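Peer 1: In case you want the letters, here they are:
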Amino acid sequence: MEEPLTETTPPILQDDEKRGRNMTDNFASGLLAASRPRGSSCIGQFTILDSAEVTEADLGVNFFLEPDDVGKFRAERTCALLEELNPDVQGHCNTEPVEYFLTQSSDTHPLRPFTHILVIAPIVPELLADIVSHCLTTSKPLFYIHCVGFYSDFSVQLPSAFPIVDTHPDPTATTDLRLLTPWPALSALVEEKTRDLDSMNAHEHGHVPYVLIILHFLEVWKETHDGQVPSNYREKSDFKELVRKGMRTNNPEGGEENFEEAIAAVLKSLNPSTPSSAVKEVFEAEECKNLTHDSPHFWVIAHAISEFYKAHNALPLPGSIPDMKAQSADYIQLQNVYKTKAREDVAEVTATVRELAKQHGHLTQVDEKEIEAFCKNAAHIKLVRGRPINPAFPGQKLKWGQRAKAAVSALTKPDSLILVHIAFLAYDEFCASHDADALAGAPRAPGSEDSEVEFDAEKMTGIANTIIDNLINEAGTRIEEPDYSDIGVRVAQYVQEIVRAGGGGELHNIAALTGGMIAQEVIKVVTKQYVPVDNTCVFDGVGSRTEVLRLGADSVL
Amino acid sequence: MGRDKYPRQSLGTLHSRIKQSRILMVGAGGIGCELLKNLVLTGFGEIHVVDLDTIDLSNLNRQFLFRHEHIKKSKALVAKESAGKFNPNVKIEAYHANIKDPQFNVDWFKSFAIVFNALDNLDARRHVNRMCLAADVPLIESGTTGFNGQVQVIKKGKTECYDCAGPRETPKSFPVCTIRSTPSQPIHCIVWAKSYLFTEIFGTSEDEAPELDHSESSDNAKEIENLQKETQALKKIRESMGSEEFPRKVFEKVFKDDIERLRSMEDMWKNRRPPEPLDYDAISQEALGVGPSIVRQDQVVWTVAENFAVFLNSLRRLSDRLEELRANADTGNAPPILTFDKDDEDTLDFVAASANLRSHIFGIETRSKFDIKQMAGNIIPAIATTNAMTAGLCVLQAFKVMRDDLNKARMVFLVRSTDRVIGSEVLRPPRPDCPVCSVVSSRLEVDASRATLGQLVDDFLRMQLGYGEEFSVSSEAGILYDPELDDNLSKSFSDLGLKNGSFITIVDEEDESPRVDLVLSISEQSLPDDMKPIHLAEKLEIPRKPKTAAPQTVNGSHDVAVTNGVSGSLGDGVTGKRKRDATDAGLEDEQIRKRGKVAEEPPKDDDVVVLEDSTNGAIFIDDD
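Protein chains in written order, with UniProt numbering: chain A, 1 to 557; chain B, 1 to 624.
Please keep in mind that the hints were generated in silico from the structure rather than gathered at the bench.
None of the values given here were measured: they were computed from a predicted structure.
Don't take every hint at face value.
[Said to hold, decoys possible] In silico DSSO-like pairs for lysine-lysine, Cα to Cα no more than 27 Å straight-line:
id : chain 1 : residue 1 : chain 2 : residue 2
1  : A       : K339      : A       : K369
2  : B       : K400      : B       : K19
3  : B       : K5        : A       : K459
4  : A       : K325      : A       : K376
5  : A       : K310      : A       : K339
6  : B       : K342      : A       : K376
7  : B       : K373      : A       : K325
8  : B       : K72       : B       : K85
9  : B       : K110      : B       : K19
10 : A       : K72       : B       : K85
11 : B       : K373      : A       : K339
12 : B       : K73       : B       : K100
13 : B       : K342      : A       : K369
14 : B       : K249      : B       : K236
15 : B       : K342      : A       : K339
16 : B       : K373      : A       : K341
17 : A       : K413      : B       : K400
18 : A       : K376      : B       : K373
19 : A       : K140      : A       : K369
20 : B       : K342      : A       : K325
21 : B       : K73       : B       : K235
22 : B       : K5        : A       : K72
23 : A       : K341      : B       : K342
24 : B       : K539      : B       : K499
25 : A       : K268      : A       : K222
26 : A       : K268      : A       : K310
27 : B       : K342      : A       : K528
28 : A       : K358      : A       : K369
29 : B       : K408      : A       : K413
30 : B       : K373      : A       : K369
31 : A       : K325      : A       : K341
32 : B       : K373      : A       : K268
33 : A       : K268      : B       : K342
[As the list claims (entries may be wrong)] Calculated from the model, a selection of chain A residues having no Cβ within reach of chain B, i.e. all distances over 10 Å:
id : residue
34 : D196
35 : H216
36 : S231
37 : S273
Cβ coordinates follow ideal geometry from the N, Cα and C atoms, glycine included.
Model the full assembly from the supplied sequences, consistent with the hints where possible.
Peer 2: See the structure below:
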């Protein structure tokens, strides 16, 4: 990761259930490795829960395991080998079957010690539902993962409010110069530095920072436009011409770089700085409007910034300026004007935060650094609203809720991968209604017996079609022919491919790739940096592409 | 239930072909480790691995085939040893060698079904690209930068080659040896100052190697001991932070003692200028007159004495800050550290001055603080998970190639975005004016001791192939012959450095319908005296260049589907480098002006504009 990871050692549980062999390794090794460059900042502990023993076929997908390991507990071997990769990480394993682990009688939930949980399908739906609701009530991130043959998908269940400050926006998007609303110190600098523009020598004229050039010509423009700034494309084009006329061309270069910079910046910089919808969403969140004595710091600062916005009709100034053609002294002077204003804005927000803390009887002091970082990135904060993962119970209708309409519209797009996700839901239902043995403990994956491949595929296609029909009904719409038949044909192909993998077989290569994707998402969630996938990501190894779908139930069943 | 149960089920008939195939992987570093593991577990029958590098401590965080006990050993050999255990049915051949060595000639490349590039540098990538074109073997090219990755399938005559995209900027990740021992560019020294020196003194130091079994190999143990000693030495110096002699100790350690140690490794400096250690007392005399205002002159390139003054000054500032942090830190918490931030003047001054002093030692051009700020801010770390994903994508593309399904193969991009992690694009046909792949290539059997350039030019090119007066002959070293340059005609091939595996390019410069460029790879043979010393290995036909650079070939009715313009599989904002037709070009110009930074050379003709971003082949289209 680019930034040092600041989180302290969360124990992570991977429920490995019946498979997830190589994915776990890759996932965990990816995770360890990704977090390793900064020694002090990796995932602290992990636990693998898996009752299976190593088989011959495992050796073909899990590169860690050796022929001697056959017959030993997979969790034990894998855990030991993972620990070797990074001595700073503590690995644990548990070889209890997941149903015993989750149903042990105790005062506290068996998942309580863990901060992040990953579940690899298939799992009995009742057990998944228990994990889902535990994670919801304790605001723990949960990842639910499929990987069969050439396909994989994973869903992320985040807490209902998952705010991120450090979103790492595209660097080109972070410049905020406030050219339309200069404050007095900036206007004074413009006046000082451009007063004698016409009488400057060639060197001085060619080194006036472009920010000051634009501000200067805006004043010129306003004189002939009733004090208004250029507001549409045509006016901005005219304004560009005005700036171009100010450029000296009677020199060997036939122009001046600083003026070229100014002209190039006109379209982009002369926009009113209105907060994005993501920022407004944060301001309008209940958690932001109604602070309580134990509101997390994020909401206290967000509330203070929303008040700042109400008062000034602008977010706090980030304060950084891009590189530009200028004399060093001028550049530093300009930089200081921006930095000073940014500091003043932070001070104002900080005062509001302190006031709010007093009002609501906050016990913990919000760190100055946290406020500063928030102000700097205020235009790019993001709130992700986590939605519960929807376990597929055999014979029950899945509830798509608010996401039903979007899901149906994805159905009709020929290049959408939602049908892979639906095939996996059908896979879950199939597994849940077929037992591997008479003990009714472990689920049986489709295609596990060569003689039943065709039969299983037919059955699973039937389940998938029912899921599709129920989805269309829930959205209250219809899909006309030939689209409807086409959907049926496509989903049958995906099902076929999944059944062909034979009893939920993983390909090492696909699992390694999927593990890499999930490891990156886990790191995002653990460190609260970057914006995580919201909330389901599907990978198609045949077409080498992914799609992110916004799914999930309205509420837990 | 055997170990290849799952691949057999999912891959079907392809699986048996994979088991019988013989493939080559060039590079066993970040992507290479992941890729080799994937190839072995997928069951490719025979895998050859070539890598020149040895293993460094800092590789271990992501190159998981290597452990502490492997430090200083060959990457290729250790990778073979580690990955060989993953599947007893796979045969791995490892070469601790440079892929540009003559033993890896076109015939050797021809013996493989597929070649995978898992390289970290442009030069070797371009070389393998040329070799694969010459041998007509499909190449899977891959690369990563931070969170971004890219996989490209290259097949002669069917797809764009690596060089079709035009000149590329040097990628922003560097082999560790380059950083630690053999820097050759300013950026190498900046990375050293930022990621090594700064972190060692003010940040979290690299992990210490745990106790090792020294009995295994005395040679290897000694190297590890050396590394540990170095870490210990710096650590000890770090303990004296705040003392009067601290700056001098640091200076003499990294700019004198370590340099002298490097200099003593004579093998390293056979073909390079050896580094010159700096003398503290001498420079401090020179630096007497340098005032503190120097740090504000950030667009001026400082002298050695000025860099020295800034180094000492910023070292003091940073030490004081760290001392203060320590004084205020609660006991029991992790000890405070400083981290580099390009906007933090103290850290920037330190990195700029240290980088410049090191550049001076190695005879590299020094830079202004302003330049260094840009460069230091752009250093992107290698990320293990991105390598894992990219390696997985390489294998998926290899499946398409193995199935002869080239029209289903894709150019695949890994992008850091919340809406899409992986996107793909249809492969483009070769660019008709590409100087590397839109050429005729052939193999020349040469008796290098007898053959002269004159014989090549007159007997072979003019008499045998019918070239006229106007053409040039060049090698990787530059132009050997053109009508104005005939000095070399009497020289033999060996005199000109043309040996087994070298390429020569013949460019026809006639005004009237010139031939396409001809690329000849040299295969050294001792030919009987009664035979001409230059001999063509196979029959050769050289077509004429098309009249114009013909955008219609790009956009027109080709049997391979082509995306043009902004539409394409990566619609919203992120696109690969693209060719556009005339209707889009106006808009394009506007965007180039707006972004300011991507404007390339003006297009050769009005119809085609090629855009390429400097970092990862992705450009961002503004939405306003």
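Peer 1: If a hint holds in the structure, say so; if it doesn't, say that too.
Peer 2: Hints, verified against the model:
At roughly 15 Å between alpha-carbon atoms, K339/A and K369/A fall within 27 Å of each other, so this suggested pair holds. Straight-line distance between C-alpha atoms of K400/B and K19/B comes to about 15 Å, which keeps the hinted pair within the 27 Å bound. Pair hint K5/B plus K459/A holds up; C-alpha atoms about 23 Å apart against a cutoff of 27 Å. A C-alpha spacing of about 24 Å is found between K325/A and K376/A, which places the hinted pair at or below 27 Å, so the restraint holds.
Proximity of K310/A to K339/A is assessed by CA-CA distance (about 22 Å); at most 27 Å being required, the pair is judged to hold. Proximity of K342/B to K376/A is assessed by CA-CA distance (about 16 Å); at most 27 Å being required, the pair is judged to hold. With a CA separation close to 15 Å, the supplied pair K373/B and K325/A stays within the 27 Å bound. The hinted pair formed by K72/B and K85/B meets the criterion: a straight-line CA distance of about 21 Å does not exceed 27 Å.
For the hint pairing K110/B with K19/B, the CA-to-CA distance comes to about 18 Å; that is within 27 Å, so the pair holds. For the proposed pair K72/A and K85/B, the alpha carbon gap of about 18 Å is at most 27 Å, so the pair holds. Between K373/B and K339/A the alpha-carbon distance is near 18 Å, which keeps this suggested pair within the 27 Å criterion. Restraint check for K73/B and K100/B: the C-alpha separation of about 20 Å stays at or below 27 Å, so the hint holds.
Proposed proximity of K342/B and K369/A is supported: the alpha carbons are some 18 Å apart, at most 27 Å. Under the criterion of a C-alpha separation no larger than 27 Å, the hint pairing K249/B with K236/B is consistent with the structure, at around 10 Å. For the proposed pair K342/B and K339/A, the alpha carbon gap of about 15 Å is at most 27 Å, so the pair holds. Between K373/B and K341/A the alpha-carbon distance is near 23 Å, which keeps this suggested pair within the 27 Å criterion.
Between K413/A and K400/B the CA atoms are separated by roughly 25 Å; this keeps the pair inside 27 Å, and the hint holds. For a cut-off of 27 Å, the pair hint linking K376/A to K373/B stands: about 20 Å separates their Cα positions. Simply put, K140/A and K369/A have alpha-carbon atoms about 26 Å apart, close enough for the 27 Å limit, and the pair holds. Distance check on the hinted pair: K342/B and K325/A sit about 19 Å apart at the alpha-carbon level, within 27 Å; holds.
Distance restraint check for K73/B and K235/B: the Cα-Cα separation of roughly 26 Å lies within the 27 Å cut-off, and the hinted pair is therefore satisfied. A hinted pair counts as satisfied when its Cα atoms are at most 27 Å apart, and K5/B with K72/A qualifies at roughly 20 Å. For the given pair, K341/A sits about 20 Å from K342/B by alpha-carbon distance, which is consistent with the 27 Å threshold. At roughly 22 Å between alpha-carbon atoms, K539/B and K499/B fall within 27 Å of each other, so this suggested pair holds.
For the proposed pair K268/A and K222/A, the alpha carbon gap of about 19 Å is at most 27 Å, so the pair holds. Restraint check for K268/A and K310/A: satisfied, since their Cα atoms lie roughly 25 Å apart, inside the 27 Å limit. This hinted pair checks out: K342/B and K528/A have alpha carbons roughly 22 Å apart, not beyond 27 Å. Pair hint K358/A plus K369/A holds up; C-alpha atoms about 19 Å apart against a cutoff of 27 Å.
Between K408/B and K413/A the alpha-carbon distance is near 20 Å, which keeps this suggested pair within the 27 Å criterion. This hinted pair checks out: K373/B and K369/A have alpha carbons roughly 23 Å apart, not beyond 27 Å. A C-alpha spacing of about 22 Å is found between K325/A and K341/A, which places the hinted pair at or below 27 Å, so the restraint holds. Distance check on the hinted pair: K373/B and K268/A sit about 25 Å apart at the alpha-carbon level, within 27 Å; holds.
With a CA separation close to 25 Å, the supplied pair K268/A and K342/B stays within the 27 Å bound. No beta-carbon of chain B is positioned within 10 Å of the beta-carbon of D196/A; the least distance is around 23 Å. With a minimum CB-CB distance of about 20 Å to chain B, H216/A clears the 10 Å threshold, and the non-interface call stands. Remark: the non-interface label on S231/A is consistent with the geometry, its nearest Cβ contact in chain B lying 13 Å away (cut-off 10 Å).
Every CB of chain B lies more than 10 Å from the CB of S273/A, the least distance being 13 Å, so the non-interface label holds.
Every hint, counting from the list given before, is met by this structure.
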